[in-house]
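Colleague: Throw the hints in and build the complete structure from the sequences for me.
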Amino acid sequence: MPDVQPTNDLREGLGEQSQSYWQKAWIRFRRHPFSRWAGGVLLLLYVLALFADFVGPYPEAKSFRKLQFVPPTAVHFKTEDGRWTRPYVCKVERTRNPRTFKLEFNENCEKKYTVHFFVHGYPYKFLGFIPMDLHLMGGPWLTEEEAYLFLWGTDDFGRDLFSRIWFGARISLTIGILASIIALILGITFGSISGFYAGQAVHIVRGVFRPPQKRAEEAGDPQAQLHNGFFSGGALAEGWREARRDRRLPAFLLGLVLQYAFWFAAMTVVWTTMQGFLSITQGVERYLAFAVFGGLLAAMAWMVLFGRLAVDVDDLIMRTTEILAAIPGLFLLIILSGMLAQYDLPSSTRFLLVLAILAFVGWGGLARNIRGFVLQLREMEYAQAARALGAGDARILFRHIVPGTLGYLIVVVSLAIPGYILAESGLSFLGLGIQDPSSSWGLLLSKAQQGGMVALKSRPWLFLPGFFIFVSILAYNYLGDALRDALDPRAEH
Amino acid sequence: MTAYILRRFLHLIPTFLGATFLAFLVIQLAPGDFITRLELDPSYDRSQIENFRRLFGLDQPFTVQYAKWLSGFLKGYLGLSLSYQTDVWSVLKPRILNSMVLVVASVLFIYVVSIPIGIYSALRQYSWGDRFWTTFAFFGLAVPNFFFALLMLYFALWLKDIVGHEVFPIGGMRSLYIDGADFFEAPKWKQWLNILWHAVLPVIVAGTAGTAGLMRVMRTQMLETKMQDYVRTARAKGLAERVVIYKHILRNAVIPIVASIGFLLPELFGGAGFVEIVMAWPGLTPLILDAIFSIDVYIIMGSISISVVLLMIGNLLSDLLLAWVDPRIRYR
Amino acid sequence: MKKPIWILAVLALGALALAQPKVFKVPNAAENPVFGGDFRDWTTSDPKTFNPFVAKETSSTDVIQLMLPTLTDYDPYTGAPEGLLAKSWEVKNNGLTIVFHLREGAKWSDGQPITADDVVFSAKVHSDPDVGSNSIKSFELDGSPIVWTKIDDYTVQADFPKPYAPALIQGWYIVPKHVFEKAYESGKVAEMWDVGTDPAAVVSGGPFMLDQYVQGERVVLKKNPNFWGVDEKGNQLPYLDRYVFTVVADRNAAMAKFLAGELDLYAASDADQVSQIIERIDDGKLDASIFPNADVTTGTNFIFFNWNSDDPWKAQLFRNKKFRQAMAHLMDKDSMIELALGGLGQPQWSPISIPVKQFFTDDVAKFEYDPAKAAELLAEIGFRSKNAQGVLTDAAGRPLEFRLSTNQGNNVREKIAQIFAEDANKIGVNVKYAPIAFNELVRQILNTRDFDAILIGLTGGREPAFGRNVWELDGPLHMWNYGPDFESFEILIDKLMKQGATTLEQSKRREIYVRFQQVVAENLPLAYTVAPAYNPARLNNVGGLFSKDQINSLEGQYPYNYPVTVFKKK
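Chains as they are written, first to last, in UniProt numbering: chain A, 1 to 493; chain B, 1 to 332; chain C, 1 to 570.
Hints may contain errors.
[What the hints assert, rightly or not] Calculated pairs, DSS-like style, for lysine-lysine (alpha carbon to alpha carbon, straight line, at most 27 Å): (1) K102/A <-> K226/B; (2) K62/A <-> K257/C; (3) K125/A <-> K386/C; (4) K62/A <-> K386/C; (5) K188/C <-> K75/B; (6) K257/C <-> K190/B; (7) K321/C <-> K373/C; (8) K285/C <-> K66/A; (9) K426/C <-> K91/A; (10) K102/A <-> K285/C; (11) K426/C <-> K62/A; (12) K457/A <-> K160/B; (13) K102/A <-> K257/C; (14) K548/C <-> K102/A; (15) K160/B <-> K285/C; (16) K321/C <-> K160/B; (17) K457/A <-> K257/C; (18) K62/A <-> K373/C; (19) K160/B <-> K570/C; (20) K285/C <-> K457/A; (21) K426/C <-> K125/A; (22) K24/A <-> K226/B; (23) K188/C <-> K93/B; (24) K570/C <-> K548/C; (25) K188/C <-> K160/B.
[Claimed, not checked] Derived contacts from chain B toward chain C, CB cut-off under 7 Å, selection only: (26) Q28; (27) P31; (28) T36; (29) R46; (30) F52; (31) G57; (32) P61; (33) Y84; (34) Q85; (35) T86; (36) I170; (37) G171; (38) P282; (39) V309.
Everything labelled a hint here was simulated from the structure, so no lab data went into it.
Computed from a prediction, not measured in an experiment: that's the story for all the values here.
Yeah, the Cβ is synthetic: ideal placement off N, Cα and C, and Gly gets one too.
Modeller: Structural data, given as structure tokens:
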């Protein structure tokens, strides 16, 4: 078999079972009591988000300054004398009572405005490039601003909440998926590198000269002269010889440049730190600091001149994830999003960056788990077989090992998404998420929350985004549960 | 075993240095410093602003600031809070204690609620009871904490208006008065009772957020153990279902949960989250957020270093616990 | 019932011991004050320290001012300087020297007398740059020190480098020398009276003294029996037994507490809150009063442009008076009040805050909301045609667009900026609005100067001379233009500010500052927006508060900054 068919050899590895694995998974998935319900709700939400321009009668940022906090517009189905008729709305006027300071809304039904379906309204670009003006509901009176159709009331800027919820759904419902995907990519990359190359050392510094303590080799060794040379006996020269032998000189040289740049920078930092530190301390602390910094510098210098330091890539990546995991996530999130606020970025860019931050905070755990999987799987027969057939590392990784973790990954993603949706709302609560006039459920909810109990009492409709957050997280959790029950290979057959 | 623990402790050192240095670096990345907000006050001159920076050591390069902090930390001193002008530990300590009341109570809440639900829903998978209780457990997870807290406050106010007196307090941690006298003059047990009374609603908010996670772990564990050969053997032997469930399934399923108690350690010192802000609980979270927003570097570093150390010790503890409860695991 | 007699005896003794008490005028002489009771107030964040040399925020000074005396302050009824610890003063040497006479017999709460030593010592510590006191600004005038010397035990003298109009307002806190001296000499003054200090160790020279402090929750102060103030009938003040601050971080939570009757005072922030309070009063669930729109607060919000922009085209545009006037015409202040301030507030046209009656004038140029007029003005300076995107362009075809920033997290400013940007975009001015972090905003203003336009505010005060750093040409906060090219009106403002700070006669000062306001309002280096209303509310069982027409936002609901005249009705 000269060329390995990727799809087939997965099956070969698992035998005929794999086909029935997915079939059985589907059966198990459908057995979960809420799976279809959750899937349906999510599908509906995503469709509404996709067609937000069409579903919502108003554009995202359209505001009516005189119409702040208007309650949901009543849609009438009966005329005053009780006959059924086509749905219509009436004009609403907003006034503030001069004594009680309460907002008062008077419906004026002298003129009735019939709600039409599939009508022309405000123009928009469907999918961002197809110019359209078709809306689900409305009428000529809506675009002419004679009367208003605020199905779920207006917000603090006099914007239609119904429209904004669907525009916000775009961000809230995709932020989770995109963030999990970014986290997944980081996690898979580092996790599998870590697992796959566990045990292989990578040099982070090679000394230039032969270490003075290194003894001459046995007399019989033909290479003894080489090893005893002041320069040729150093770790650097050794690496050079190896690289030449393996024909990877350019990579070696690049690595070398990076190594020395790093060590030079590190030593400069230590040196300036020592100077600064010594200038502001006295007494014992000063002497101790001198000893510590001096020792550090000496050690670094020794390393660069004579030493050799190699680390396990696996170790390096796992230490990094440990360090990231040790820092409280909320703190990282706040500081990093606060950092974004120093650039006047367009809202969409900022959204993407917030998302990347969320992913950055979240990839560590994933990487650890994937590493564990990879460690197990790389010893499996099918991976070994592929290697024997001459497949490259990357090929084995992405064609053989990653598919082996697919079930796990699907479950992880579906369970991670609700966490990201919540995180987005938390960031908005702190004022660090998406910014007005863009919209997201978290932003809408946190703005409603700023009104406190007054808002809860006098304009409860503003809290509707909270309901949608609730429903979507619930649905994702059920979906994740169902997927886990379905895809977990250890589950009941 | 001793060697293993020792090795783990040695491993902590680079992680600790890496995490604290990274945190320090990240703080520096944020624009401005503690003094920046004074710069727009018309009553200060430039030289006065620079003088403040000098006094607070903010004019030094950040690596020097970090070294200074680290050297203090090694001496058991968490640094000087810039805004409180006093040592960080004395600022953090009362807040940590306050938060601990909430955290301990909500952890108990989580365990008491989610373990039974997890067991039940695994034993009666996909029954109506399962559906109801899983939904119940998911409820707290699905509502943003800050919003739930507001709903609870509203509930408390609403209840007060209906009943005519305070059934639950509207935020806060202590009443001003107990039985007409100052809070601190009341007997100790009444003070504690008063605090617990204030804690009820925040604990519900903080607790429900965590039930889903543990419930899920418990359920998966149960489902997995149910499938094991020894359970089948036990059933085949003709043991009573009760005995099978309690002796064979439950005991084994609960092992990782017992072990995970170690992970709670950093949580105990970590504050209870947004609920503290909305419900005016004087815990760690509002303090830390204040510190982050005003860039009070050492308060932030103090709390981070505490949580890093506890996290690492907690992980170690969990591993040891796991070895202790699960005889199959040995550390060398 | 021995207690009242015992208290009376102590009071009588106290009154006797106090040879020269300060008489505090109660707002309403018809009320009969009652002794005792707790006054329950709130604060958004707890005090960070009780040490006046360390305090950097109002949450700390709000508590410190109840305990540590100052020499003088503004008379709450007339706005003129009046003595507190200083019973009188003499201005000598054309205003270069002021001699303050202290109240003899005034004592610290630990029984030690308050003397000139305390005053001179406090001045020394405040003015020491190594201490880092916030009050250091009160001891320098244009880089030269103000020198304080002791004449005798109850007389101090201040020497100014030049005549200084606000010289009579000495608002820095005086500390007991016998407590602070040792710490100061060993360089540890910053460690004194931190939040971990035993409350009993905090010595008070004001109406209240520290009783308990529970971090993040509350500060309780109790009456200082040694206080040197009396009411007009000669009763020793304060009336209250205790002053309780509850820490409530969130305004809404604080209002909930007021609605539940757990706070004695509250100032509603917007019409919403006002309506909630009124509703609860109407329902009979709360025995309280509220005065909506009683005054406006002193904070300001304004937009300014970067005259030093790297882009010469923009710099020239922003320097154009007509451009700025056009921008002012685009400010829909009614909508700003409704949407950004929550329904209650007033438009602001000039730099001096409306409540500062001594200097404020309404007789200034007002560029009211009028997009058509704005478009007309823009056409006059060359923006006549629109490009394909509907943006106005000049003769060379360059579109009229600029960035507008404000600090992220400030709701009021974010909304004002959005309203302005929306209106500007409607007539073809492409305003790109983006909120950015406050610290970054400061950096852009003071260091990098790479902004176009910024909406920000400064805390207003009573004394216009304290705005020197903003208005004088070399002021560090002359934010719109750091020179070297100044317009003639800026030079005029500089001159007026310098005159105002050195003129001692009140009526002349008013003339100067009226002129100053007119120049600013006409030329709009800072284009002012709107100021929120002050809507104080109170429980009806609190006495000794200002009546409705006495209320002003500078003083609050009671005179003298601390509730010496306040009492709880039985």
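Colleague: Okay, which hints does this one fail, numbers in order?
Modeller: When the structure is compared with the hints, numbers 1, 2, 8, 16, 25, 26, 31, 32, 39 turn out to be violated.
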